[in-house]
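**Q** Chain by chain, the residues:
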Amino acid sequence: MIRVQGLFKEFDDPRSGIFRALDNVSFEVRPGEIYGLLGPNGAGKTTCLRILSTVLRPTRGLAEVDGINVVRNPEGVRSRIGFMSCNTGIYDRMTAWEMVEYYGRLYGIPEEKLQARITEIFNVLQMNDIRDRLGGKMSTGMKQKVSIARTIVHDPPVIIFDEPTSGLDVLVARAVLQAVSSLRDQGKCIIFSTHIMREVEKLCNRIGIIHRGKILAEGTLPELADKYQQPDVEELFFDLIQRREEEVRNSGTNSEA
Amino acid sequence: MSWKNIRLVFLREVRDQLRDRRTLFMITILPVLLYPMLGLGIVEMMLTFSEQPRVVVILNADDLPTSPALLDQSGIGEEWFENGAEETSKLRVLAERTPQAGNEEKSARRPRRGEKTDEELLSVAHQLAEKIETLHGLRPVADESMEATATPQPTSAESPESNTSSAISSADEKAEAASTEAKLTAAQDDISQQFGTSGFQVLVIIPKGYRAAMEAMQREIQTSSSATTGVDAKAIATRVPPVLVVRNSADDKSMVAFGRVQKALQSWEDAVRKFSFEQAGLPKELQHPARLAWIEVALEEQVAASVWSKMFPALLVIMALTGAFYPAIDLGAGEKERGTMETLLISPAKRVELVLGKFATIMLFSTATALLNLLSMGLTGQQMSAVMSDGMANRVSLDFPGLAPLAWLVILLLPLSALFSALCLALATFARSTKEGQYYLTPLLMVVMGLTMFCLSPAVEMTPLYSVIPVVNVALLLKGLLLNSASSGNLVVYAIPVLISSIGYSMLALWWAIELYNSEDVLFREAEKFDIRMWFRQLLRTKDAVPALPEAGFCFILILMLQFVAMTYMKPDLTNGDPGLTMMRLIVIQQLTMIACPAVFMGMLLTTSLRATFRLRMPSITAMALGVGLAIVAHPLTVELSQFLVEHQVFPELPESARQVMGLMKTGDKPTWLLLLVFAVTPAICEELAFRGFILSGLARGGRLAIAVGISSMMFGIIHMIPQQAFNAALLGLVLGLLAIYSRSLFPAMAFHFCNNAIATFHAGEGGRIVADGVFFSRDPDGFLRYDAPLLILCAIAGTLMIMHMIKVVIRDQDAKRRGLVPDFRDLTKGEEVIA
Chain A
222 MIRVQGLFKE
232 FDDPRSGIFR
242 ALDNVSFEVR
252 PGEIYGLLGP
262 NGAGKTTCLR
272 ILSTVLRPTR
282 GLAEVDGINV
292 VRNPEGVRSR
302 IGFMSCNTGI
312 YDRMTAWEMV
322 EYYGRLYGIP
332 EEKLQARITE
342 IFNVLQMNDI
352 RDRLGGKMST
362 GMKQKVSIAR
372 TIVHDPPVII
382 FDEPTSGLDV
392 LVARAVLQAV
402 SSLRDQGKCI
412 IFSTHIMREV
422 EKLCNRIGII
432 HRGKILAEGT
442 LPELADKYQQ
452 PDVEELFFDL
462 IQRREEEVRN
472 SGTNSEA
Chain B
825 MSWKNIRLVF
835 LREVRDQLRD
845 RRTLFMITIL
855 PVLLYPMLGL
865 GIVEMMLTFS
875 EQPRVVVILN
885 ADDLPTSPAL
895 LDQSGIGEEW
905 FENGAEETSK
915 LRVLAERTPQ
925 AGNEEKSARR
935 PRRGEKTDEE
945 LLSVAHQLAE
955 KIETLHGLRP
965 VADESMEATA
975 TPQPTSAESP
985 ESNTSSAISS
995 ADEKAEAAST
1005 EAKLTAAQDD
1015 ISQQFGTSGF
1025 QVLVIIPKGY
1035 RAAMEAMQRE
1045 IQTSSSATTG
1055 VDAKAIATRV
1065 PPVLVVRNSA
1075 DDKSMVAFGR
1085 VQKALQSWED
1095 AVRKFSFEQA
1105 GLPKELQHPA
1115 RLAWIEVALE
1125 EQVAASVWSK
1135 MFPALLVIMA
1145 LTGAFYPAID
1155 LGAGEKERGT
1165 METLLISPAK
1175 RVELVLGKFA
1185 TIMLFSTATA
1195 LLNLLSMGLT
1205 GQQMSAVMSD
1215 GMANRVSLDF
1225 PGLAPLAWLV
1235 ILLLPLSALF
1245 SALCLALATF
1255 ARSTKEGQYY
1265 LTPLLMVVMG
1275 LTMFCLSPAV
1285 EMTPLYSVIP
1295 VVNVALLLKG
1305 LLLNSASSGN
1315 LVVYAIPVLI
1325 SSIGYSMLAL
1335 WWAIELYNSE
1345 DVLFREAEKF
1355 DIRMWFRQLL
1365 RTKDAVPALP
1375 EAGFCFILIL
1385 MLQFVAMTYM
1395 KPDLTNGDPG
1405 LTMMRLIVIQ
1415 QLTMIACPAV
1425 FMGMLLTTSL
1435 RATFRLRMPS
1445 ITAMALGVGL
1455 AIVAHPLTVE
1465 LSQFLVEHQV
1475 FPELPESARQ
1485 VMGLMKTGDK
1495 PTWLLLLVFA
1505 VTPAICEELA
1515 FRGFILSGLA
1525 RGGRLAIAVG
1535 ISSMMFGIIH
1545 MIPQQAFNAA
1555 LLGLVLGLLA
1565 IYSRSLFPAM
1575 AFHFCNNAIA
1585 TFHAGEGGRI
1595 VADGVFFSRD
1605 PDGFLRYDAP
1615 LLILCAIAGT
1625 LMIMHMIKVV
1635 IRDQDAKRRG
1645 LVPDFRDLTK
1655 GEEVIA
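So the protein lines, in turn, are chains A and B.
When the letters of the first sequence are read in order and numbered with the working numbering, they come out as residues 222 to 478.
When the letters of the second sequence are read in order and numbered with the working numbering, they come out as residues 825 to 1660.
If we strip away everything but chain A, and leave its shape as in the complex, we get (with noise of 0.2 Å):
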């Protein structure tokens, strides 16, 4: 269960003063569903996961996993959450194994369990031939592989995507869509954030719309389809943006007079 609320995160930008990453970002997502964190580049989705991940502190507005917050427990939030991003990557100097066991181990399985669980990822994700290969020689389909083995090593709840099919090829992509999917179908309280259409029809329950920090649009794809009377998700998308920049042209031309 992930809720946010009022969420705004600033930094100081030496050229442009402030620069609000997000502005005021407010959703929710179930067990059992997939949300699609859907925006260009640069609209605060890395952002927002990683403050939902606990990498980042909001700088003001709330962030909820499973009911505990980010900001006065971070660590309960962690223990509960699988995140796997472009920027996760994996030790060059250890094997498939090793890494997905030392995970295991930080998030205090026990030892046994720890085994029998890895053993049983390995064998789902069909990762048995690469148990012994260390990460500086794999492809980045078994990068992937192991990067997402390490992230539900300990069955969390909560599992963050951040663009997980980004650079990768099409076989590879639809794999790790396939494994997302059955996360979701496991229960999983799954968000998701992608600039693909693609994968938003197909995967996501619910999607957000995100655009220079702020929330454009929520709901599920019918609703959506329905509310903006625009079946096509590309199209929706693109309008909303287009209207977003005018409104901000506007209000900067405003400013000025």
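Derived from the structure by calculation, the hints contain no laboratory data.
By construction, the Cβ of each residue, glycine as well, lies at the ideal position given by its N, Cα and C atoms.
Incorrect hints may have been included.
Simulated crosslink set (DSS-like; lysine-lysine; CA at most 25 Å straight-line) [said to hold, decoys possible]:
(1) B:K1077 <-> B:K1098
(2) B:K1108 <-> B:K1087
(3) B:K940 <-> B:K1077
(4) B:K828 <-> A:K334
(5) B:K1174 <-> A:K334
(6) A:K334 <-> A:K409
Just so you have them, the derived chain B footprint on chain A, three or more residues with Cβ under 8 Å [as the list claims (entries may be wrong)]:
(7) 275-287
(8) 315-326
(9) 329-340
One side only, chain B facing chain A, incomplete, derived with CB under 10 Å [stated by the list, open to error]:
(10) K828
(11) N829
(12) Q841
(13) K1098
(14) E1102
(15) T1167
(16) S1171
(17) P1172
(18) A1173
Using the hints, position chain B against chain A.
**A** Below, chain B alone, put in the same frame as chain A:
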């Protein structure tokens, strides 16, 4: 904090480092191989290196007396050299003498290509001898030691300024003198040049008739001593013509050869003297009337220890630092670069656990590097001393120092390693990339090496003050303990402060590293392009109500640098006029221009609210009363504390300049108002504006008031430079900072400062008319007013109460702010009024 997690992180990092072949190589193979290689290389070089024998030409050697004989068959007799055969082998003596039977083979030496034959050498020597004797004749020997140079010394006959009354009156004589001068210069140039290309390094010219004259002198002494008529001994002695020994001091080779020849000749002369004394029937003890005896107490192992006591501390420091640095880069900036930092941060491990695990890894590698290197070096040294030629081994033994010093080495390595590991981890985390991290190594290495070199100088000894300075304390302790002498037993007592302070510094550095791990700014910082114009513009454009943290730091550095400038350029001219007034004027100028002005200008330039920055608000009566009261109460305590520290030699004696200033405060002739103005009012205003105004406001932006007060007091202390005053100032700075924060105003702090300085001035001026009453006050032998225990206890109680009250109020205010009841000073960015 979970030890299990720390252990997990530690084990993973160590295993990771060991899997890196490069690291393994650097840490284990390299030291093990490097030193033996180096050692072998040096031994090889030494074997191939043979010091070329230097050539000494002795002209007219036949005229040397036969007893005692300077020369033997092959050259200068062995008995005249300190080290016998070894030294004679370094000098090749070409003596011009009639060859004795059976010596033809020895004397005919086939020269190598490019070298001159013996005949050539002798002919050049003869030419030089002629020229030198001519020159020597032109200028008589000046002093009794028979020291003469071939280069002209200015004499009164030459310098035109002096002796105008002497013979140089006519133009002719002047011209003659000038031409003589020119001839002389030309002559020595010629001699110098020819000597340089001659092929020999020293030329000894035995004058004609030397032997005959010596024998005659000895005969005369003999006869004259048996007769009792007055004898002109000097006349006898000066009838012996001088032996000219020619060398070129500018040439190293000549100087080295000359050194040997001179020693040989002097010991030969001793023998001649002895012989003459015997001839004259004088007791031989008269030769050495002063009866000096040189006694050596150093044991051989102590000489050896001296070599290691210099080398080991320096090497230990370098090895520990470099051994810490490279793993740290990998574990800090390297993590960021490889993209595994975020993965680590989302794990449930706390930041503390991550830092400690990494720290342990780095410390392991640092210690291992240092130990392996030292071991390898020590063993190589021992091997080398076995291989090296006897001569050198006699003078310096490279055997390992005993077991106890080695144990100390290992023990002291640990705090050093801890400090470096923590520091390197913090720096490496701060760096944005591994490249940037490596750039931090050079200045760190330079600073550390500078400190170590400072310690190795024999004049520097362990003192209580040094025992708490990082790096210096360990180096000095190690140096002292490795000396293996009896006095090093006393040093063991210093081990405690050294260990404790080192652990303290390590913890500080670790704390910094943990802070960095908690700072999103540092963890996600990417390399930026630094544009100075943009930076400057932004600095002036985005002004806050109060200064930013770096601005406070910069202000401090600016003030510090101005103080340095003052020290070098503003030396007071104490000779003209009233030195007292001059000093006082200087003090006021310094305070105003170098302390107050930077702070005020920076405030005007960089902040929007001078009122907030400099806390120019009206304080409450309580606050003012507290300020004055604390000053009164603190004074006896600080006086007694300073005296205590001076007596226990924690601080060195006051330097001269400080004593001068103290003396000024004593002079009764200055009007009170002037003294107060200079020593109390001016510092109170200027230093408070700077330290409790600009700097404290800036430091408080960091969020933690206690740390801000602490750092501003340390800065305040450092400005005072002299250790005693610095310590005093730092302590008072803490109270002043607390006052400023408690009262939200600068004025109570100024009042405290004023009262404190005013009382101190009166105290220095013989403490007014307070009479020693044996209970509260007393006078010490210097006439200073001293405070006794009852008064001190009262003051301590009062002071503690006041301080605790202030702390309580401040904590209450902070708490209220945190709970949102009062606007946070962090809302400064919106231009709201600051509360702190």
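**Q** Next, verify each hint and record whether it holds.
**A** Hints and how they fare:
Simply put, K1077 (chain B) and K1098 (chain B) have alpha-carbon atoms about 32 Å apart, too far for the 25 Å limit, and the pair is violated. Between K1108 (chain B) and K1087 (chain B) the alpha-carbon distance is near 21 Å, which keeps this suggested pair within the 25 Å criterion. Taking the CA atoms of K940 (chain B) and K1077 (chain B), the gap is near 17 Å; set against the 25 Å cutoff, the hint holds. Using a Cα cut-off of 25 Å, the hinted pair K828 (chain B) and K334 (chain A) holds, with the two alpha carbons roughly 17 Å apart.
Distance check on the hinted pair: K1174 (chain B) and K334 (chain A) sit about 23 Å apart at the alpha-carbon level, within 25 Å; holds. Proposed proximity of K334 (chain A) and K409 (chain A) is supported: the alpha carbons are some 20 Å apart, at most 25 Å. Residue count for the segment 275-287 of chain A with a Cβ under 8 Å from a Cβ of chain B: 4. That meets the three needed, and the coverage hint holds. Coverage of the segment 315-326 of chain A by chain B holds in this model, with 4 residues showing a Cβ closer than 8 Å to a Cβ of that chain against a need of three.
Counting residues of the segment 329-340 of chain A whose CB lies closer than 8 Å to any CB of chain B gives 1, so the stated coverage by that chain is violated, three being the minimum. For K828 (chain B), the interface hint holds, the least distance from its beta-carbon to any beta-carbon of chain A being 8 Å, beneath 10 Å. Against a cut-off of 10 Å between C-beta atoms, the interface hint on N829 (chain B) holds, since the closest Cβ of chain A lies about 6 Å away. Of the supplied interface hints, the one on Q841 (chain B) holds, with its beta-carbon coming within about 9 Å of a beta-carbon of chain A, less than 10 Å.
Interface hint status for K1098 (chain B): violated, as the beta-carbon distance to the closest one in chain A is roughly 79 Å, over 10 Å. Evaluation of the E1102 (chain B) hint against chain A yields a violated restraint, the C-beta minimum of about 85 Å exceeding 10 Å. Taking 10 Å as the C-beta cut-off, the interface hint given for T1167 (chain B) holds, the closest approach to chain A being about 4 Å. With a cut of 10 Å, the hint placing S1171 (chain B) at the interface with chain A holds, because the nearest CB-to-CB distance is about 5 Å.
Taking 10 Å as the C-beta cut-off, the interface hint given for P1172 (chain B) holds, the closest approach to chain A being about 4 Å. Using the Cβ-Cβ criterion of 10 Å, the hint placing A1173 (chain B) at the interface with chain A is satisfied: the shortest such distance is roughly 5 Å.
Consistency with the previously given hints fails for numbers 1, 9, 13, 14, ordered from lowest to highest.
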